[in-house]
Amino acid sequence: MSTSAMKKSRVKRARAFETTAKIITGACLLFAVVATIGVIGAIVYRGAPSITAEFLSAMPKSNMRAGGIWPAIYGTLALTFGTALFALPLGVGAGIYLSEYAKRGLRTRIVRLSIANMAGVPSIVYGLFGLALFVIVAHFGKSLIAGSLTLACLTLPVVISATEEALRQVPQDLRQASLALGATKLRTVARVVLPAAAPGIVTGSILGLSRAAGETAPIILTAAAFYAPLPNSPFEPVMALPYHLYIMATQAVKPAPHIVWGTALVLVAGVTIAGVLAAAWRSRQRSKIRW
Amino acid sequence: MTVPSSQKTARKGRPAFNRAADAIARRSIWVCGWVAIAVLVAIFVFLAWNATQALRDVGLWKMLSGTDWYPTIEPARYGFLPSIVGSLWVTGIALLLAVPIGIAGSIYLSEFATGWVKEVTKSVVEFMVAVPSVVLGLLGLAYLAPLLATTFHVSSGLMALTAGLVVGIMSLPTIISISEDALHSVPKDLRQGSLALGNTRWQTIYKVVVPSASSGIFAAVMLGLGRAIGETMVVLMLAGNSGLIISSPLEAARTLTGTIAQEMGEVVSGGEHYSVLFTMGLVLFVITFLINLAADMVLERQRKRWRR
Numbered sequence: 000m001s002t003s004a005m006k007k008s009r010v011k012r013a014r015a016f017e018t019t020a021k022i023i024t025g026a027c028l029l030f031a032v033v034a035t036i037g038v039i040g041a042i043v044y045r046g047a048p049s050i051t052a053e054f055l056s057a058m059p060k061s062n063m064r065a066g067g068i069w070p071a072i073y074g075t076l077a078l079t080f081g082t083a084l085f086a087l088p089l090g091v092g093a094g095i096y097l098s099e100y101a102k103r104g105l106r107t108r109i110v111r112l113s114i115a116n117m118a119g120v121p122s123i124v125y126g127l128f129g130l131a132l133f134v135i136v137a138h139f140g141k142s143l144i145a146g147s148l149t150l151a152c153l154t155l156p157v158v159i160s161a162t163e164e165a166l167r168q169v170p171q172d173l174r175q176a177s178l179a180l181g182a183t184k185l186r187t188v189a190r191v192v193l194p195a196a197a198p199g200i201v202t203g204s205i206l207g208l209s210r211a212a213g214e215t216a217p218i219i220l221t222a223a224a225f226y227a228p229l230p231n232s233p234f235e236p237v238m239a240l241p242y243h244l245y246i247m248a249t250q251a252v253k254p255a256p257h258i259v260w261g262t263a264l265v266l267v268a269g270v271t272i273a274g275v276l277a278a279a280w281r282s283r284q285r286s287k288i289r290w
Numbered sequence: 000m001t002v003p004s005s006q007k008t009a010r011k012g013r014p015a016f017n018r019a020a021d022a023i024a025r026r027s028i029w030v031c032g033w034v035a036i037a038v039l040v041a042i043f044v045f046l047a048w049n050a051t052q053a054l055r056d057v058g059l060w061k062m063l064s065g066t067d068w069y070p071t072i073e074p075a076r077y078g079f080l081p082s083i084v085g086s087l088w089v090t091g092i093a094l095l096l097a098v099p100i101g102i103a104g105s106i107y108l109s110e111f112a113t114g115w116v117k118e119v120t121k122s123v124v125e126f127m128v129a130v131p132s133v134v135l136g137l138l139g140l141a142y143l144a145p146l147l148a149t150t151f152h153v154s155s156g157l158m159a160l161t162a163g164l165v166v167g168i169m170s171l172p173t174i175i176s177i178s179e180d181a182l183h184s185v186p187k188d189l190r191q192g193s194l195a196l197g198n199t200r201w202q203t204i205y206k207v208v209v210p211s212a213s214s215g216i217f218a219a220v221m222l223g224l225g226r227a228i229g230e231t232m233v234v235l236m237l238a239g240n241s242g243l244i245i246s247s248p249l250e251a252a253r254t255l256t257g258t259i260a261q262e263m264g265e266v267v268s269g270g271e272h273y274s275v276l277f278t279m280g281l282v283l284f285v286i287t288f289l290i291n292l293a294a295d296m297v298l299e300r301q302r303k304r305w306r307r
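As you go down the protein sequences, you meet chains B and E in turn.
Residue numbers 0 to 290, in numbering that gives the first Met the number 0, belong to the letters of the first sequence in order.
Residue numbers 0 to 307, in numbering that gives the first Met the number 0, belong to the letters of the second sequence in order.
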């Protein structure tokens, strides 16, 4: 065989390899995409018929076999609000510290390491922690406030990273201009840097909060009740969508399936719509600001 | 006045107030910065403190090496091995599914996909992260468990395999997005150099890009592993919760996370069983801590390598 023919066959083989690799890797990505679409599709398909005004606004009736899921929706909203109340100030503060104040060095490295590690602690461990600290030592009992504090710990790393990331994208020129005009560091951060970074901070936080709203394991131990009326104070246990869904899905006596799937759809829709709206708002804000 | 006049004019307005506000803000922000460490330490302290009773009365080694989990009979036996083995099976199956598919998918996403295909697939894959795990558990109960039960001719689909597959699908987006980041951060020069030497794109990928990003990909696998070990609801709903040490994925299994979630609600607060469950939480915390630490250190090394 002549050398040019050998070269040609090698090129051919390399091309064939490339096509095969493309097909295989593409198929793997397609699997991930199809799995996601399948999950969303199944939930919408099974849950959509049961969404009615009564289902969303009524109390459960005859041992969850009829009626609505309003107290669970209310409880999840209250838990998420409480989580935001505790996690946002601390998380944004920590993000500002990391981006604006911390110097590069061992101490900052340790802080960063702990944040990354916090994000990886299993949610059930947060549940145990919340049970030990908030429910028992702080005497809150199984309650809205204990659940909110537990979920806040779980959400903190997300809020911190989102804030830091958003602050880092603000150009250094803006800070220097503000400082050159005689503003203190605090004023520079509060009046110049934070407003510019707000869209990123808000969106990242909403994504973190919506994930907290879907968490089940921590609230099993700290906040959730199978059946409870609407809470009158933060020291009472609440119903919550994820816990409600868990109980209904695993109960020996199955409740009406339309309630189970309806609850799943409300949970998924709430969590994803909040995230999508937040992302859309961020991209609109970003297109308004030009550095 | 001893203050030089130039300094005086520089601090016009309300200098004392401004300086005080600045100092207070700096301190409170500093406190916020350390909150992450405080929480981590607090988690460890509270778990360890509640675990002391079990560590003293039962003993750590006896729990870790115990083969029987009968917490409610007299005398109670608190062996962690059934849960540990179950966790290993579920996590192993999950990674067997998620690692090859995730890495291959991220290679396509980073190296072959372009334009809208890239944007859309990325958003769709990341959408999965938003789906609460209890919902995936419900889907597993409704569709996957019956399907696997008929496929493998077992009486119930609640077994390690079912839980592992769903956990694997759950950890896919983590692995895809982190290893895509790692591939993406490999400098263009390296790719162009390889292409200029006559390599095809695929040869460039497996000879240059993937080896350069290997530490990032490793970190992605470690983080996926951490996710999989810590996952609670899917396992609680799908693994079947038997008390035995399993030797095949077609058996009902219990895991560390599932055991804690299921039994914590029923135990007497402050009792021995209660303390044993806290010990289990402590074991879980230490395992995930070490995994995340390893992942973070590898990622940091990668970051340093490409920082110029």
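Hints are computed from structural coordinates only; laboratory data are not their basis.
Do not take every clue at face value.
Claimed, not checked - With a straight-line cut-off of 30 Å between C-alpha atoms, the simulated DSSO-like cross-links for lysine-lysine are:
| id | chain 1 | residue 1 | chain 2 | residue 2 |
| --- | --- | --- | --- | --- |
| 1 | E | Lys206 | B | Lys6 |
| 2 | E | Lys187 | B | Lys21 |
| 3 | B | Lys102 | E | Lys117 |
| 4 | E | Lys121 | B | Lys287 |
| 5 | E | Lys121 | B | Lys102 |
| 6 | B | Lys11 | E | Lys117 |
| 7 | E | Lys206 | E | Lys187 |
| 8 | B | Lys102 | B | Lys184 |
| 9 | B | Lys184 | B | Lys21 |
| 10 | E | Lys187 | E | Lys117 |
| 11 | B | Lys7 | B | Lys21 |
| 12 | E | Lys117 | E | Lys61 |
| 13 | B | Lys7 | E | Lys206 |
| 14 | E | Lys121 | E | Lys187 |
| 15 | E | Lys187 | E | Lys303 |
| 16 | E | Lys303 | B | Lys11 |
| 17 | B | Lys7 | E | Lys187 |
| 18 | E | Lys121 | B | Lys6 |
| 19 | B | Lys21 | E | Lys117 |
| 20 | E | Lys121 | E | Lys206 |
| 21 | E | Lys303 | E | Lys121 |
| 22 | B | Lys287 | E | Lys117 |
| 23 | E | Lys303 | E | Lys117 |
| 24 | E | Lys206 | E | Lys61 |
| 25 | B | Lys6 | B | Lys21 |
| 26 | B | Lys21 | E | Lys61 |
| 27 | B | Lys21 | E | Lys121 |
Small disclaimer: the values here were computed from a predicted structure and weren't measured.
A quick look at each hint next to the structure:
{"no.": "1", "hint": "E:Lys206 - B:Lys6", "verdict": "holds, 20 Å"}
{"no.": "2", "hint": "E:Lys187 - B:Lys21", "verdict": "holds, 20 Å"}
{"no.": "3", "hint": "B:Lys102 - E:Lys117", "verdict": "violated, 37 Å"}
{"no.": "4", "hint": "E:Lys121 - B:Lys287", "verdict": "holds, 24 Å"}
{"no.": "5", "hint": "E:Lys121 - B:Lys102", "verdict": "violated, 34 Å"}
{"no.": "6", "hint": "B:Lys11 - E:Lys117", "verdict": "holds, 28 Å"}
{"no.": "7", "hint": "E:Lys206 - E:Lys187", "verdict": "holds, 14 Å"}
{"no.": "8", "hint": "B:Lys102 - B:Lys184", "verdict": "holds, 15 Å"}
{"no.": "9", "hint": "B:Lys184 - B:Lys21", "verdict": "violated, 52 Å"}
{"no.": "10", "hint": "E:Lys187 - E:Lys117", "verdict": "holds, 18 Å"}
{"no.": "11", "hint": "B:Lys7 - B:Lys21", "verdict": "holds, 21 Å"}
{"no.": "12", "hint": "E:Lys117 - E:Lys61", "verdict": "violated, 52 Å"}
{"no.": "13", "hint": "B:Lys7 - E:Lys206", "verdict": "holds, 21 Å"}
{"no.": "14", "hint": "E:Lys121 - E:Lys187", "verdict": "holds, 21 Å"}
{"no.": "15", "hint": "E:Lys187 - E:Lys303", "verdict": "holds, 17 Å"}
{"no.": "16", "hint": "E:Lys303 - B:Lys11", "verdict": "violated, 39 Å"}
{"no.": "17", "hint": "B:Lys7 - E:Lys187", "verdict": "holds, 28 Å"}
{"no.": "18", "hint": "E:Lys121 - B:Lys6", "verdict": "violated, 38 Å"}
{"no.": "19", "hint": "B:Lys21 - E:Lys117", "verdict": "holds, 14 Å"}
{"no.": "20", "hint": "E:Lys121 - E:Lys206", "verdict": "holds, 25 Å"}
{"no.": "21", "hint": "E:Lys303 - E:Lys121", "verdict": "holds, 26 Å"}
{"no.": "22", "hint": "B:Lys287 - E:Lys117", "verdict": "holds, 25 Å"}
{"no.": "23", "hint": "E:Lys303 - E:Lys117", "verdict": "holds, 27 Å"}
{"no.": "24", "hint": "E:Lys206 - E:Lys61", "verdict": "violated, 48 Å"}
{"no.": "25", "hint": "B:Lys6 - B:Lys21", "verdict": "holds, 22 Å"}
{"no.": "26", "hint": "B:Lys21 - E:Lys61", "verdict": "violated, 51 Å"}
{"no.": "27", "hint": "B:Lys21 - E:Lys121", "verdict": "holds, 17 Å"}
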